[in-house]
Amino acid sequence: MVDTGLPIRVVLAKLGLDGHDRGLKVVARMLRDAGMEVVYLGLRQTTDNIVAAVEQEDADVVGISMHNAGHLTLGPLIVKALGEAGLAVPVVIGGIVPDADLPELEAAGVAAVLGPGASVEEVVTTVRSAAGRDGST
Amino acid sequence: MEAPEPGAGSSAVAELAGASRSGDRRATARLLSLVERGGDPADEVASATQAHVGEAHVVGITGAPGSGKSTITNSLTTLLAEAGRRPAVLAVDPSSPLTGGAILGDRVRMSGASEAGVFIRSMATRGHAGGLALAVPGAVRVLDAAGFDPVVVETVGVGQVEVDVTAAADTTVVVVAPGWGDAVQANKAGLLEVADLFVVNKADRPGATDARRNLDLMLDLSTAITRPGTGRPSITMTTATEGDGIGELAAAVAGHLDLLCEGGELGQRREKRRIAEVRAHLEHLLAGAADEALTTEGLQPVQASESPMMAARRLARKLLG
Ligand code: B12
Ligand SMILES: Nc1nc2c(ncn2[C@@H]2O[C@H](COP(=O)(O)OP(=O)(O)O)[C@@H](O)[C@H]2O)c(=O)[nH]1
Ligand SMILES: [Mg+2]
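Sequences listed follow chains A and B, in order. Numbering of the first sequence is given in my numbering, commencing with residue 1 and proceeding in unit increments. Numbering of the second sequence is given in my numbering, commencing with residue 1001 and proceeding in unit increments.
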């Protein structure tokens, strides 16, 4: 079996106190239906928990869903925590992120940001290209 | 550390195995991924780890979806980690047969264990023809060789899978929740055949004592088909969300291992599992060859003049030469 034949593994989580998990669940199904393996962590995760999951699950991408206006703090925090753990795994953020905040997140090393109404294609393509696996599952 | 690519050679894999044994969790995770790939990389991992396996107590936890397997696994491994053990979890869910994708959701209930330092790996079955028997034992060996003990394998118990779990575990725990009485009844033989220990979870819910009584009755009536070696399965009542009864469960699990060791049954079970695993791989290879035979022109697909059985025999003769 060649590398590109393997499913992309994605860890999906919500960080901190933010009860909006509908988007995360929708995204989980989109990615599964695109042939990916989704390790679903759900609500109220700590950065330590997410880093441990990414390491143990040998994940290709981390997806964080944020709706509590904490993205400018938490986004960079998770990127930094992964880096400190020696994990070069791209972070994709979805949820409520004002356009004005995009440059700051990009500068902090966030791979991509998607907002409300993101289509299946957008979600799947974004995760695939973050994983460096464009044009495959 | 970079993941060795397939064919990168056994020295890279041996290096990973060494790192894994000295506690490098990323190395352990990479080895698990190589096992999941199958083929040559999985063989290299098997060679690199085989000298260090056999130490871990492998505990299977099975039962209907929603019965509380993940919550029990969380409480049990947290308790063991706090007592100084080094437990690991392998949480297995089926892949979608249509897309090959999967949602692996067991970690949702395992934040506590994660914080207590338990190593948790979610695993999709990836359409392995032999089910757990193909996907899981190699992964268990990686965790065993990395020094984790016990290795707890959580599997969804539906139909065949609950039987498969015995292909991976020394001790099999079957979880039942109140209200699942009918399912247990319908599944009686399957459950009794695999259970070394029963847990009635959700003891905080009405019907828990009834569930326990029903199990007891079933065990009274059918001692003949319980698993050999360690006698009548005990029944532990738990409220996993509160941690109630988890200490008793830990004691029952440890007690079962003692029984296995005393009677020499542990070695016998492991030998049987080895054979079952070889068989599963063999069936997988033969199934692949059968697919080939039906598509390759060289082997001539089925002819109209033959009965299906005759065609199968003809192809089998050619294949097995
Ligand atoms: C439904 C909803 C709720 C539900 C949540 C139910 C649930 N279990 O999820 C309830 C009623 C509980 C709720 C409560 C609150 N809510 Co509310 N809620 C919404 C609402 C209307 C829709 C959110 C939703 O589910 N959308 C549907 C999903 C599918 O879309 P999505 O999450 O955006 O996800 C898509 C993309 O963003 C992207 N995506 C998302 N995550 C990810 C992850 C990855 C990896 C990728 C690739 C893509 C991706 O892909 C998805 C598919 O397109 C939004 C308004 C809005 N228009 O978004 C407000 C909104 C999010 N809520 C808001 C607020 C303020 C609250 C409350 C604080 C209100 C209050 N004062 O009580 C509480 C807080 C609750 C809590 N504990 O956190 C604000 C947030 C403001 C902000 N961040 O600046 C919003 C924006 C409303 C507003 N305009 O003010 N809410
Ligand atoms: N009331 C009650 N609920 C429980 C108990 N154990 C688990 N649950 C809940 O049952 C649901 C399914 O649990 P989970 O561990 O995911 O089950 P699994 O599918 O068998 O792994 C979750 O909502 C748990 O919180 C318990 O002892 N009592
Ligand atoms: Mg579960």
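Quick caveat, the hints were computed from the structure, so don't treat them as lab data. Hints may contain errors.
Claimed, not checked - So the derived label-pair ranges between C-beta atoms look like this:
#  : chain 1 : residue 1 : chain 2 : residue 2 : range
1  : B       : Arg1021   : A       : Ser129    : 50 to 60 Å
2  : B       : Asp1149   : A       : Ala88     : 41 to 51 Å
3  : B       : Asp1210   : A       : Lys25     : 31 to 41 Å
4  : B       : Ser1047   : A       : Ala88     : 21 to 31 Å
5  : A       : Leu102    : B       : Glu1115   : 28 to 38 Å
6  : A       : Ala69     : B       : Leu1286   : 54 to 64 Å
7  : A       : Gly86     : B       : Ala1254   : 50 to 60 Å
8  : B       : Asp1149   : A       : Glu84     : 21 to 31 Å
9  : B       : His1284   : A       : Gly16     : 37 to 47 Å
10 : A       : Ala100    : B       : Asp1149   : 47 to 57 Å
11 : A       : Arg22     : B       : Asp1149   : 46 to 56 Å
12 : B       : Gly1084   : A       : Ser119    : 28 to 38 Å
13 : A       : Gly83     : B       : Arg1021   : 25 to 35 Å
14 : A       : Thr46     : B       : Thr1209   : 52 to 62 Å
If you're wondering where the values come from, they're calculated on a predicted model, not measured in any experiment. Glycine included, each C-beta is placed from N, C-alpha and C at the ideal position.
Okay, the hints, checked on the actual structure:
no.	hint	result
1	B:Arg1021 with A:Ser129: 50 to 60 Å	violated (36 Å)
2	B:Asp1149 with A:Ala88: 41 to 51 Å	violated (31 Å)
3	B:Asp1210 with A:Lys25: 31 to 41 Å	holds (34 Å)
4	B:Ser1047 with A:Ala88: 21 to 31 Å	holds (28 Å)
5	A:Leu102 with B:Glu1115: 28 to 38 Å	holds (33 Å)
6	A:Ala69 with B:Leu1286: 54 to 64 Å	holds (58 Å)
7	A:Gly86 with B:Ala1254: 50 to 60 Å	violated (36 Å)
8	B:Asp1149 with A:Glu84: 21 to 31 Å	holds (29 Å)
9	B:His1284 with A:Gly16: 37 to 47 Å	holds (44 Å)
10	A:Ala100 with B:Asp1149: 47 to 57 Å	holds (52 Å)
11	A:Arg22 with B:Asp1149: 46 to 56 Å	violated (40 Å)
12	B:Gly1084 with A:Ser119: 28 to 38 Å	violated (50 Å)
13	A:Gly83 with B:Arg1021: 25 to 35 Å	holds (26 Å)
14	A:Thr46 with B:Thr1209: 52 to 62 Å	violated (38 Å)
Violated hints for the displayed structure, listed by number in ascending order: 1, 2, 7, 11, 12, 14.
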